[in-house]
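Taking the hints into account, I'd like the entire structure generated from these sequences.
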Amino acid sequence: MNEAIVSRGLVKRYGRRKALDGFTLAVPMGSITGLVGRNGAGKTTWMMSVAGFALPDSGEISILGSGPFDARRHGGKFTILPQDSDLPNEGRVRSLLLHYARLQGLTASKAAASADSLIDAFNLREKANALIRSLSHGMRKRVMVAQAFLGEPEVVMLDEPLSGLDPVEADRLRSFILAHRGRTTLVISSHQLDDVEKLCTHVAFVANGKVERMETMRSLTSGTGRIVYALRSRPASIAELESSCPGVRIAAAADGLEVTFSGDISIEDVNTVLLPRLLEFGVVSVTPGRSLEEAYLAQNVRS
1 MNEAIVSRGL VKRYGRRKAL DGFTLAVPMG SITGLVGRNG AGKTTWMMSV
51 AGFALPDSGE ISILGSGPFD ARRHGGKFTI LPQDSDLPNE GRVRSLLLHY
101 ARLQGLTASK AAASADSLID AFNLREKANA LIRSLSHGMR KRVMVAQAFL
151 GEPEVVMLDE PLSGLDPVEA DRLRSFILAH RGRTTLVISS HQLDDVEKLC
201 THVAFVANGK VERMETMRSL TSGTGRIVYA LRSRPASIAE LESSCPGVRI
251 AAAADGLEVT FSGDISIEDV NTVLLPRLLE FGVVSVTPGR SLEEAYLAQN
301 VRS
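Quick note on numbering: the sequence shown equals residues 1 to 303 in the working numbering.
Treat each hint with caution, since some may be false.
Here are the simulated distance ranges between beta carbons [claimed, not checked]: (1) 24 <-> 105: 30 to 36 Å; (2) 174 <-> 110: 23 to 29 Å; (3) 137 <-> 60: 33 to 39 Å; (4) 238 <-> 14: 48 to 54 Å; (5) 275 <-> 136: 48 to 54 Å; (6) 89 <-> 57: 34 to 40 Å; (7) 138 <-> 260: 36 to 42 Å; (8) 60 <-> 233: 54 to 60 Å; (9) 76 <-> 13: 31 to 37 Å.
Honestly, the hints are just simulated from the structure, not real lab data. All C-beta atoms, glycine included, are put in the ideal place defined by N, C-alpha and C.
Rendered as structure tokens:
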């Protein structure tokens, strides 16, 4: 089995509107897969359908090769953090995590070990006995993300996990997620494309209730056809540079030059010609490919 989650042709209607319209996606085992799309594209509805919170009108879902979500089969193996989830105000951090861990099927000793490990990982030790109502929004979010990892489930789905976190805690969570790459299958829905690019091995562009494109992050952002040269100063004549390297187009970028070319020309060919000419302008960096944001905007996904 190479896929942790498989959905085929999912359709979900709310009245006359189709929230999912043939949504088909296979999430590779051990991957960190990002879902990217506009509000209302269908990302959250798909996650709720996989988790069993929403019942599709048609289509197929399989988690870990054993059909749609069933607590008897998938309890302790599959978890989700919905975007609008919350915690009971009168609960206490450690007590709640212990309770959720027992619901996942962990023994008392394993529940305690998992809860304490996650309290440390999410920098919550000083708040372990605090009431939820006393926590800031960011601290609540950290508790909610932590509960999704109780008992080391095989598949974790996170809807906007970094929203509301300060820069230090966001960085801590990124490191935590990256440490699970290859051993836990994660699905992350987020509008923060920089975070998706840093974290994910695969990305799916979602629009109009379906997947428009699914690729590895590497193939999406590092293909031939584009190089950005960051320079200390910009050449006076871009046209002269273009004439020296037939088949390329050169444009001014924020801090240097952007070079685009067809797939028939390799990055090595372009660098061989242009780099020696650019050295006198102080080459700070050479970046092949494009960012996830650029790739997404180029796709021109409409919802």
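Consistency of the hints with the structure:
1. 24 <-> 105: 30 to 36 Å: Holds: the Cβ-Cβ distance is about 31 Å, inside 30 to 36 Å.
2. 174 <-> 110: 23 to 29 Å: Because 27 Å falls inside the window, the suggested range holds.
3. 137 <-> 60: 33 to 39 Å: Given a distance of about 38 Å, which is inside 33 to 39 Å, the answer is holds.
4. 238 <-> 14: 48 to 54 Å: For residue 14 against residue 238, whose Cβ atoms are near 52 Å apart, the range 48 to 54 Å holds.
5. 275 <-> 136: 48 to 54 Å: 49 Å, holds
6. 89 <-> 57: 34 to 40 Å: Check passed, 36 Å falls within 34 to 40 Å.
7. 138 <-> 260: 36 to 42 Å: Check passed, 41 Å falls within 36 to 42 Å.
8. 60 <-> 233: 54 to 60 Å: For residue 233 against residue 60, whose Cβ atoms are near 58 Å apart, the range 54 to 60 Å holds.
9. 76 <-> 13: 31 to 37 Å: 32 Å, holds
Consistency with the previously given hints is maintained throughout, with no hint failing.
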